[in-house]
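Novice: Sequence:
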Amino acid sequence: MTLRGLLEGGGAIVAPGVFDALTASIATDAGFKALYLSGAAIAYTHLGRPDIGLVSMTEVADRIATICDRVATPVIVDADTGYGNALNVQRTVRLFEKMGAQGIQLEDQTTPKRCGHLNDKSVIPAAEMVGKIRAAVDARASEDTLIIARTDALQMEGIERALERAHLYAKAGADVLFIEAPKSGDQLGSIASGMKGVRPLVANMVEGGTTPIHSATELNQLGFQIVIFPGGIVRAMARTATEYYASLASFGSNAPFGNRMFDFNGLNELIGTPEMLALGKAYEGEMVSST
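In my numbering, the protein residues as written are 657 to 947.
Simulated from the structure, these hints should not be mistaken for laboratory data.
Any given hint could turn out to be false.
[Unchecked claim] Label pairs and their in silico Cβ distance ranges: (1) 816 x 661: 31 to 37 Å; (2) 823 x 714: 19 to 25 Å; (3) 776 x 925: 42 to 48 Å; (4) 888 x 705: 16 to 22 Å.
[Unchecked claim] EDC-like mimics (lysine to aspartate or glutamate), calculated; alpha carbons at most 20 Å apart, straight line: (5) 754 x 676; (6) 839 x 863; (7) 839 x 799; (8) 827 x 794; (9) 852 x 816; (10) 839 x 820; (11) 839 x 776; (12) 754 x 718; (13) 827 x 784; (14) 852 x 842; (15) 827 x 800; (16) 754 x 799; (17) 754 x 725; (18) 754 x 784; (19) 754 x 794; (20) 827 x 863; (21) 754 x 715; (22) 689 x 715; (23) 852 x 874; (24) 852 x 899; (25) 689 x 784; (26) 827 x 842; (27) 689 x 816; (28) 689 x 725; (29) 839 x 800; (30) 827 x 816; (31) 852 x 664; (32) 689 x 800; (33) 937 x 919; (34) 754 x 800.
Virtual Cβ for every residue (Gly too), placed ideally from N, Cα, C.
From just these sequences and the hints, can you work out the full model?
Specialist: Encoded structure:
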């Protein structure tokens with residue numbers, strides 16, 4: 657089912673963060689119906705750096721292509737600021753859609769942007785963002801490609817101005833709205849009530865971030881339809897990797913860590929090695945005589 661179809665079906669869409677084909681395939685096997693390709697997660701894993709606008713459009717496009725080649729699950733892509741002005745946004749939308757993205761998220765931060773849960777953000781004028789959203793809508797080839805408009809204005813301008821921006825972005829053609837980094841359950845509730853019936857809403861759960869953690873069920877009851885957990889997988893893997901390398905350095909062997917990792921056969925089972933080898937054999941066929 658498409659992302660638009662999932663939204664029209666109602667209920668909560670839980671989209672876990674992924675950053676490559678392996679995490680996308682594991683999340684899909686776990687039963688998730690949508691995935692969130694996190695710009696922060698790409699920065700953390702690909703560059704080993706923070707989410708401060710270092711990741712390029714082409715680096716994200718490459719990730720979309722490999723993920724969508726591996727799984728059919730709808731992918732929401734974090735496109736940051738669109739990598740420039742309205743014309744850059746159009747190029748970004750065309751490229752990401754061509755690579756397989758079904759949702760493209762654009763934010764109203766200045767360039768270079770930074771993670772929505774870091775301090776000292778700044779935003780472009782609302783009118784400029786309206787133009788970027790209109791450009792994105794005009795550039796997409798299919799209406800099944802959803803444009804998600806995120807505003808980071810809450811931190812600097814307050815909740816009323818953030819709600820005003822969200823309404824403007826909806827009028828510009830955004831399919832989904834995302835008011836980033838509410839600071840309390842009360843602010844989450846104000847966002848949900850203030851945008852009720854306007855467009856589907858995104859809630860962003862960041863462990864240790866600005867917004868208090870709620871379950872997808874709780875957020876859906878408030879009025880949020882898409883709940884993303886962008887960097888959770890990286891935090892989990894980074895913690896495991898830290899402990900793994902410490903164990904290996906200490907013991908000179910993986911044996912003490914063995915019950916916390918796949919062995920060779922287990923990993924090959926996970927990634928489908930037996931099935932791919934069998935498929936390769938099926939294409940070998942019999943030798944065909946040239947005479």
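Novice: Hinted pair, alpha-carbon criterion (20 Å max): residue 827, residue 794. Please report holds or violated.
Specialist: holds, 14 Å
Novice: Would the pair residue 852 and residue 816 pass a check requiring their Cα atoms to be no farther apart than 20 Å?
Specialist: Roughly 15 Å separates the two Cα atoms, so the pair holds.
Novice: Would you check the hint for residue 827 and residue 800, treating anything up to 20 Å between C-alpha atoms as holding?
Specialist: OK: residue 827 and residue 800 at ~18 Å, within 20 Å.
Novice: Given the hint that residue 754 pairs with residue 715, test it: the Cα-Cα distance must not exceed 20 Å.
Specialist: At roughly 14 Å apart (the allowed maximum being 20 Å), residue 715 and residue 754 satisfy the hint.
Novice: If you draw a straight line from the CA of residue 754 to the CA of residue 676, is it 20 Å or shorter?
Specialist: Distance of about 18 Å is within 20 Å: holds.
Novice: Determine whether the Cβ-Cβ distance between residue 776 and residue 925 falls within the hinted range of 42 to 48 Å.
Specialist: Because 46 Å falls inside the window, the suggested range holds.
Novice: Are residue 839 and residue 863 close enough, with their CA atoms no more than 20 Å apart?
Specialist: The hint holds at about 13 Å.
Novice: Given the hint of 16 to 22 Å, check if residue 888 and residue 705 actually sit that far apart at their C-beta atoms.
Specialist: holds, 19 Å
Novice: Next pair to validate is residue 852 with residue 899; report whether the Cα-Cα distance is within 20 Å.
Specialist: The given pair, whose Cα atoms are some 45 Å apart, is violated under the 20 Å limit.
Novice: Starting from residue 754, check that the Cα of residue 799 is at most 20 Å away, please.
Specialist: Distance ~13 Å between residue 754 and residue 799 Cα, so the pair holds.
Novice: Could you grab the alpha-carbon distance between residue 689 and residue 800 and see if it respects the 20 Å cut-off?
Specialist: holds, 16 Å
Novice: Given the hinted pair residue 937 and residue 919, is their Cα-Cα distance within 20 Å?
Specialist: violated, 25 Å
Of the numbered hints given earlier, the model fails hints 2, 7, 18, 20, 22, 24, 25, 26, 27, 29, 33; all others are met.
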